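**Q** Okay, here's what each chain looks like letter by letter:
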Amino acid sequence: MAEEGKVSVDDLGGVVRLREEHEKVVKDCESRIQHWKKVSGDYEAVNERLQTLPDQLSYDIMVPFGPLAFMPGKLVHTNELMVLLGDNWFAKCSAKQAQKIVDHRTKHVKSELDDLSKTMKNFEARVGFVKDLETFSARKKEYAEIREEVRQDIAVTKGRQRVAHRPNSKPKLETILDLKEEDEEENQEESSDEGSRKGIVTEEELWARLDELEKLEELEDEQDRLSDNADMNSEDTSSSSSEEDKEKGRRFCFSCKRIESEAKLDLLEPKKVRINTGKNTMLKFSERKEQKEILKRKKKNGHNNGLSHHELHKITTPADIYRLFVDVKNGEPVPRKSILKSRSRENSVCSDTSESSAADYEERRLTGRSFSHDEATTSDTSDGVTEEDSPTGGPLHPPNRFEAFSGMVVEKDPMTSAVPHMTIAPPALPTILERRQEEVAVPEVAPPQQAPKKVSKFKAARLQRT
Amino acid sequence: MSSKGRDNDDSSEWQSALKEELNKKIKEQKVLVDELSNLKKNRNVYIQQRNSNIFFLADRGQTLGSCKKELDNMKKELQDM
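Protein chains in written order, with the numbering used here: chain A, 1 to 466; chain B, 1 to 81.
Honestly, the hints are just simulated from the structure, not real lab data.
Hints are supplied without guarantee of correctness; some may be wrong.
[As the list claims (entries may be wrong)] Cβ-Cβ distance ranges computed for the label pairs, FRET-style:
no. : chain 1 : residue 1 : chain 2 : residue 2 : range
1   : A       : HIS108    : B       : TRP14     : 25 to 31 Å
2   : B       : SER11     : A       : GLY41     : 48 to 54 Å
3   : B       : GLY65     : A       : THR135    : 51 to 57 Å
4   : A       : ASP55     : B       : GLY65     : 15 to 21 Å
5   : A       : THR78     : B       : TRP14     : 40 to 46 Å
6   : A       : GLY41     : B       : ALA17     : 34 to 40 Å
7   : A       : ASN79     : B       : ARG50     : 38 to 44 Å
8   : B       : GLU35     : A       : LYS38     : 41 to 47 Å
9   : A       : THR52     : B       : LEU18     : 28 to 34 Å
10  : A       : LEU57     : B       : ALA17     : 53 to 59 Å
11  : B       : GLY65     : A       : PRO54     : 20 to 26 Å
12  : A       : THR78     : B       : SER16     : 31 to 37 Å
13  : B       : ASN53     : A       : SER111    : 29 to 35 Å
14  : A       : ASN122    : B       : VAL31     : 39 to 45 Å
[To be verified] With a straight-line cut-off of 35 Å between C-alpha atoms, the simulated DSBU-like cross-links for lysine-lysine are:
no. : chain 1 : residue 1 : chain 2 : residue 2
15  : B       : LYS25     : A       : LYS121
16  : B       : LYS40     : A       : LYS118
17  : A       : LYS118    : B       : LYS24
18  : A       : LYS27     : A       : LYS110
19  : B       : LYS27     : B       : LYS75
20  : A       : LYS107    : B       : LYS69
21  : B       : LYS69     : B       : LYS40
If you're wondering where the values come from, they're calculated on a predicted model, not measured in any experiment.
Where a beta carbon is used, it is the ideal one built from N, C-alpha and C, also for glycine.
Bound conformation, chain A alone (with noise of 0.2 Å):
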């Protein structure tokens, strides 16, 4: 009995409160809306006054002079006005568009009031249903509350108990992705914290499919030391199983998806990538291990090769910039040139040589275009996101490239001929800087031919007179 009076007690407090609480957002709603009403009075007046404003070329008024002073003075210009937009912003508008921006904003005023009074309604409306809830409380004790105790311990959980991240994690899709950083025990220690993570593949599953792909790489690692320790250093040369291969061909697809479509990325279910992952651990192991000469020494520059592919084309992170902007030959970081700047050495010398045979007519031709070749060069370069996979991606777009230089072959040539030849040929240096400089080193030994290619004309003619 004296459990049951307390309980009442604890119910009479609780709906006090309750009460006390909506009488409150009544008074709020109260002061609003006296807010409201004064904006909108002081909106009324001012219409008031802008239609009879321009009714008259000047008026007679006090001007204020500071907060208590005035002085007599005559408002001019009474058709211009400017209205404050927000923000500081002012526009200027005569005295008829200027109630135009009024009667919109009395209207949001307007809105505005009927909403708090519906509001306040409602809430009338629930404090006095309280105050009857208090006075039924109060006075009957027929009426029982049904309450059913929550117990912490029988306490529903869904799965697994969720484990937070560690402190230096990334997000889910980053983690993913960077499990070929992770050495093997890491990964597996990962994935199945993922697994209980996620909780849609079991830790059983997890562990078969692990197992499977450690015996995988096994074999696989047996028959790379049997087959080939001669060609460590190029992938695509190695007799690599044709497993392996379509297991490349799995990524690459992969790796296209990602490229093609941002948005399809988002909608892959998880599961999918994962298992997408795995194999792509499994492939950065198996090639891991075919190049484990240059990977043992840089580890590091080899995953960064793996993930130039997938993530070249999103930068969330300062090293995702670097990534963008930093080529890998062989392994190694090649920090990509900038646009401004020379094409790299080996460029140079591939022009050298397929420029050899280009008849000396054409060098002026040349410089002159110099500055266009290299600058649709240089654009291509950044434009291709998968340049390093197709080093020969260049000379495979003549079209472009002549397009781009349809203004030149207008010139007047003895032999037009060469033109196509000339748009066929690789990237030409952008520089000559770097040419002259070997001229100077070596005028006698690299006589015209080579030379002048990128000579100006009063070079060339001084060059021809001695």
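With the hints as your guide, set chain B onto chain A.
**A** Just chain B now, kept in the frame of chain A:
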């Protein structure tokens, strides 16, 4: 029962407060009208633009008339309450 009584108290309080306010306003308006009617003829009357600090020159007679009207309206309101 007690709650109802409280309710009544609230509303009556609120009404009395409103009345007081209105009474004060009426007093102010009366003073204003008296002042305006006692002004010399060559005096200037300015009306403040609401929510700003600018005063527009107004006609004395017109202002007096409008002020009287307002006073009448207020008195009516007080009677209604």
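**Q** Does the beta carbon distance between HIS108(A) and TRP14(B) stay inside 25 to 31 Å, or does it fall outside?
**A** Holds, at about 29 Å.
**Q** Falls inside 38 to 44 Å, the C-beta gap from ASN79(A) to ARG50(B)?
**A** Cβ of ASN79(A) to Cβ of ARG50(B): about 21 Å, so the range 38 to 44 Å is violated.
**Q** Is 41 to 47 Å right for how far apart the beta carbons of GLU35(B) and LYS38(A) are?
**A** Distance hint for GLU35(B), LYS38(A) is violated at roughly 26 Å.
**Q** Regarding THR52(A) and LEU18(B), is the given constraint of 28 to 34 Å on their beta-carbon distance met?
**A** Roughly 32 Å apart at Cβ, these two residues keep to the hinted range, so it holds.
**Q** Should the hint that SER11(B) and GLY41(A) are 48 to 54 Å apart at their CB atoms be regarded as holding?
**A** 25 Å, violated
**Q** Note whether the CB distance of LEU57(A) and ALA17(B) lies within 53 to 59 Å or breaks it.
**A** 47 Å, violated
**Q** Within 34 to 40 Å or not, the Cβ separation of GLY41(A) and ALA17(B)?
**A** 20 Å, violated
**Q** Could you grab the alpha-carbon distance between LYS69(B) and LYS40(B) and see if it respects the 35 Å cut-off?
**A** Holds, because 21 Å separates the two Cα atoms, which is no more than 35 Å.
**Q** Given a hinted range of 31 to 37 Å, is it respected by the beta-carbon distance of THR78(A) and SER16(B)?
**A** Roughly 46 Å apart at Cβ, these two residues miss the hinted range, so it is violated.
**Q** Taken at face value, is the distance from the CA of LYS24(B) to the CA of LYS118(A) at most 35 Å?
**A** 31 Å, holds
**Q** Is the hinted range of 15 to 21 Å satisfied by the C-beta distance from ASP55(A) to GLY65(B)?
**A** Cβ of ASP55(A) to Cβ of GLY65(B): about 20 Å, so the range 15 to 21 Å holds.
**Q** Okay, THR78(A) versus TRP14(B) on CB: inside 40 to 46 Å?
**A** Taking Cβ atoms as reference, THR78(A) and TRP14(B) lie about 44 Å apart, which means the hint holds.
The structure shown violates the earlier hints numbered 2, 6, 7, 8, 10, 12 and 16.
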